[in-house]
Amino acid sequence: MFEIGNSLREARGRLGLGVAQVELATKIRGKYIRAIEEEQFDALPAEPYVKGFLRTYADFLGLDGQLYVDEYDSRFVVDGFGEAPVRAQPARRPVDHSFERRAVVLGLVGVAALAALVIVAWKFGGSSPSAPSVVTSSSPPAPKGLVFSGPGTYIEVRRGSSTGAVLYEGTLQAGDLNAVPGQRFWIRIAHPAHLRLTLNGKVVSLPARKTLKVLVTPTRTALAG
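Read left to right, the sequence shown gives residues 1 to 225 (my numbering).
Don't read these hints as lab results, they were simulated from the structure. In this text the structure is predicted, and so the values were computed from the model without any measurement. Note that beta-carbon positions come from the ideal geometry of N, C-alpha and C, so glycine has one too. Careful: at least some of the hints might be erroneous.
Label pairs and their calculated CB-CB ranges [stated by the list, open to error]: (1) Leu-114 to Asp-64: 53 to 59 Å; (2) Arg-220 to Ser-74: 50 to 56 Å; (3) Asn-178 to Pro-45: 27 to 33 Å; (4) Lys-210 to Gly-160: 33 to 39 Å; (5) Asp-70 to Ala-165: 40 to 46 Å; (6) Asp-64 to Gly-152: 22 to 28 Å; (7) Glu-47 to Lys-27: 17 to 23 Å; (8) Arg-209 to Gly-175: 21 to 27 Å; (9) Tyr-168 to Glu-23: 17 to 23 Å; (10) Gly-164 to Lys-210: 38 to 44 Å.
The calculated DSS-like cross-link candidates involving lysine-lysine, where the alpha carbons are at most 30 Å apart (straight line), are [to be verified]: (11) Lys-144 to Lys-27; (12) Lys-31 to Lys-213; (13) Lys-210 to Lys-31; (14) Lys-144 to Lys-213; (15) Lys-144 to Lys-210; (16) Lys-144 to Lys-31; (17) Lys-202 to Lys-213; (18) Lys-202 to Lys-144.
All chains should be built: construct the whole structure from the sequences, respecting the hints.
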């Protein structure tokens, strides 16, 4: 068992990210991010949203999103319902069948009146009563494109290859969170100790070198010339 909120907050702090930057990258509203870090899950929408937000937020921080969902299930989701106590049945008394007959007649009259009201409502309302709509929920989509952060890291991002258009070039500062659209990137990196790269929400693993050039696509990451 571990503290979900503190673990996520500390991971965000280690990356030097603010709540607004996480909101921009994950599309999770800032107030929900704060509620998750405070473990105030009642402040979030329905349970499927809670799990989707947890998985997306943890994955974005480089953590195991499913581990956080499992921990939430084990601590906050209650399975099953207790059985209602059985009450002792009172002693049966002689039944006045004349009263039962009157009750049956009144019930039939009530059903007929209700049916008449439904017919009138359908005739003059122009449509039949509609069935309640069912709302289905899904996990928030992962951020698209290349997202990167890491204070002290120099990074040059080009589209497609070393001769492609320059999408970003410079030294990252604490609190910077940059995102560029696309699916294939040529990247030159210096001092990548604190660099964090994700492509379409998935963490990009990099070789342990002080300087490197890599080609990054959704299916692979390879050293480049």
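Are Lys-202 and Lys-213 close enough, with their CA atoms no more than 30 Å apart?
-> Roughly 19 Å separates the two Cα atoms, so the pair holds.
Keeping to a limit of 30 Å between CA atoms, is the pair of Lys-31 and Lys-213 held or broken?
-> Distance of about 38 Å is beyond 30 Å: violated.
Given hint Lys-27 paired with Lys-144 - CA-CA distance at most 30 Å | holds, 11 Å
Just tell me: holds or violated, for the beta carbon distance of Arg-220 and Ser-74 against 50 to 56 Å?
-> The hint (50 to 56 Å, Cβ to Cβ) is violated, given that Arg-220 and Ser-74 are roughly 36 Å apart.
Distance restraint evaluation - Arg-209, Gly-175, Cβ atoms, bounds 21 to 27 Å | Given range 21 to 27 Å: holds, Cβ gap about 25 Å.
Given the hint that Lys-210 pairs with Lys-31, test it: the Cα-Cα distance must not exceed 30 Å.
-> It is violated: about 38 Å lies between the C-alpha atoms, which goes past 30 Å.
Given a hinted range of 33 to 39 Å, is it respected by the beta-carbon distance of Lys-210 and Gly-160?
-> violated, 25 Å
Does the Cβ distance between Tyr-168 and Glu-23 fall inside 17 to 23 Å?
-> holds, 21 Å
Do the beta carbons of Leu-114 and Asp-64 sit within 53 to 59 Å of each other?
-> holds, 56 Å
Can you let me know if the beta-carbon spacing of Asn-178 and Pro-45 is within 27 to 33 Å?
-> Given range 27 to 33 Å: holds, Cβ gap about 29 Å.
In this structure, is the beta-carbon distance linking Asp-64 and Gly-152 contained in 22 to 28 Å?
-> holds, 27 Å
Indicate whether the distance between the beta carbons of Gly-164 and Lys-210 respects the range 38 to 44 Å.
-> violated, 24 Å
Of the numbered hints listed earlier, those contradicted by the structure are 2, 4, 10, 12 and 13.
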